[in-house]
Amino acid sequence: MKKEGLAARVSGLSAFFPVVLVSAIFLAIFLKALPLLSLKSWSHLIFSSAWQPQKGEFGLWPFIIGTLSVTAVAFLLALPVSLFTALYLAEYAPNRARKMFLPAIDLLAGLPSVIYGMWGMLMVVPLVSKYLAPLFGTSSSGYCLLTAGVVLAVMIMPTIIHVSVEVLGSVPVSLKEAALALGATRFEVVRYVILKKARPGLLAACILGLARAFGETIAVLMVVGNVPEIPRSLFSPAYPIPALLANNYGEMLSIPGYESALNLAALILLLLVIIFSLLARLYLSRLIRRSV
Amino acid sequence: MVDHGRISLKGVNVFYGKNQVLKDISLNIPAHSITVIIGPSGCGKTTLLKCFNRLLDEVEEARVEGEILFDGQNIYAPEVDVTQVRKRMGLLSQKPQVLPMSIYENVAFGPRIHGLQNKKKIDHVVEKYLRLAGLWDEVKARLSEPASRLSIGQQQRLCLARGLAVEPEILLCDEPTSALDPQSSRNVEAQLLRLKENYTIVLVTHILRQARRLADYVAFLYLGELIEFGPASEVLTSPQDPRTRAYITGEIS
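Taken in sequence, the protein lines are chains B and S. If you count by the numbering used here, then the first sequence holds residues 1 to 292, one letter each, in order. If you count by the numbering used here, then the second sequence holds residues 293 to 545, one letter each, in order.
Because the hints were derived from the structure by calculation, they are not lab data. Where is the CB? At the ideal position from N, CA and C, for every residue including glycine. Careful: at least some of the hints might be erroneous.
What the hints assert, rightly or not - One-sided excerpt, in silico: chain B residues whose CB lies under 8 angstroms from chain S:
id : residue
1  : N95
2  : A97
3  : S174
4  : A178
5  : L180
6  : E188
7  : K196
8  : P200
Looking at chain B on its own, in the form it has when it is part of the complex (with noise of 0.2 angstroms):
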């Protein structure tokens, strides 16, 4: 009894630790970026383009956008992809050809990210400055949001693929045998049965995706330009917040205002990843709520 009562108290703690630490993070990083905040509005800070740390100027809205826009291509050219690929190796593959593609995946999911950056700058790039751009009558270095997209599509996919693969092999052989007795061809199976029943736990490999893109930094940053501009296009650069703040971070830091406004990017990061995975969650509960 009273060993189950230390037990109890132990794992409730550690269950603490997390939340604690998350706090601490978030306090760390707010208290830094309070000083500018004191000097100027939020909303200037947040959606003014100028981004000239010699002149004070600290507006965060090109790496904010460039955030957004390189996570929306990547997931938007992952999502396919990734669907797909699962769904082959689910429902279609045949077992040998399972169980040689799953651990390669598993592979692709653990290479170090600095790999795919080379990868990116060694073939992504001149890819797209050499072929892509021309074909859509555009002059490009290479180094651009779409560059950046389709590595760290690349990056996130092996996670999206691996999960769904696991929570498609999780509809019961009976369900899809129930459907099949009917007359069913295997792809009304698929499209009416398995989808249907695997939906939220497809959207949740989708979100464990989408937050991988959102913090990946250091494949990003080699391939996207890093120009604190809006992007004008998929072939202009762009310059995440990760970029910013792995590459400016520790230095430069005399600058008035610099270190303070790196700090209230990073703030902004994890507000923007904070806001999604509660939205995605809120989405998925009531998703499997309405399913049961």
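Use these hints to put chain S onto chain B, whose structure you have.
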């Protein structure tokens, strides 16, 4: 020629990989009656059932040899459209598997995928088969609710209605009451007895009393072999083979 076997099996062998699970089964299943397949677990009852509607096609390592004739046509012939074969045989599985949609949509699913679009006709079909499965009065006020909210017994009758809605000629039942409480089991059994007038029913069970209550014909499977087949009164009361006798008296299970 008396062709009263709607389904005839001729020398059916089934392998899972190198493992032979059904051995040279030949059998004529009479129409408009209930044929019950009994046997200890692992004897191949479910596999046999899955041969009929070719669900074994979905099992990668499974291989079927021999012929299964349905109205004289071999359903394993290469030119046969498997969805058409399955459409002619309803399946009731061990645990009710409702589709992730409303009660109404569950019944409408089959007719819809086979091309029925007219809303009025679908309404009609849904009501007709829910009535036939003895479920209409319980669900008519909540047809748009998710089917998963029904009790497990109601779900099984919904599955029955859903299977009947594609207008099959044969009903394949794989221990359809094993997940149900006694009341719901009796309910499903009663529906099956009523349905045999118009359908050929093949039922797998390991409950001998259920076999006694329902069977017109009994097939006894043991270790993948068909040991005995005949009218229920004969097989269940005076079995010819010692293994059947041993199973019926409870010596092997």
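Checked hints:
no., hint, in the structure
1, N95, "holds, 6 angstroms"
2, A97, "violated, 11 angstroms"
3, S174, "holds, 5 angstroms"
4, A178, "holds, 4 angstroms"
5, L180, "holds, 6 angstroms"
6, E188, "holds, 5 angstroms"
7, K196, "holds, 5 angstroms"
8, P200, "violated, 10 angstroms"
Hint compliance for this structure: hints 2 and 8 are broken, all remaining hints hold.
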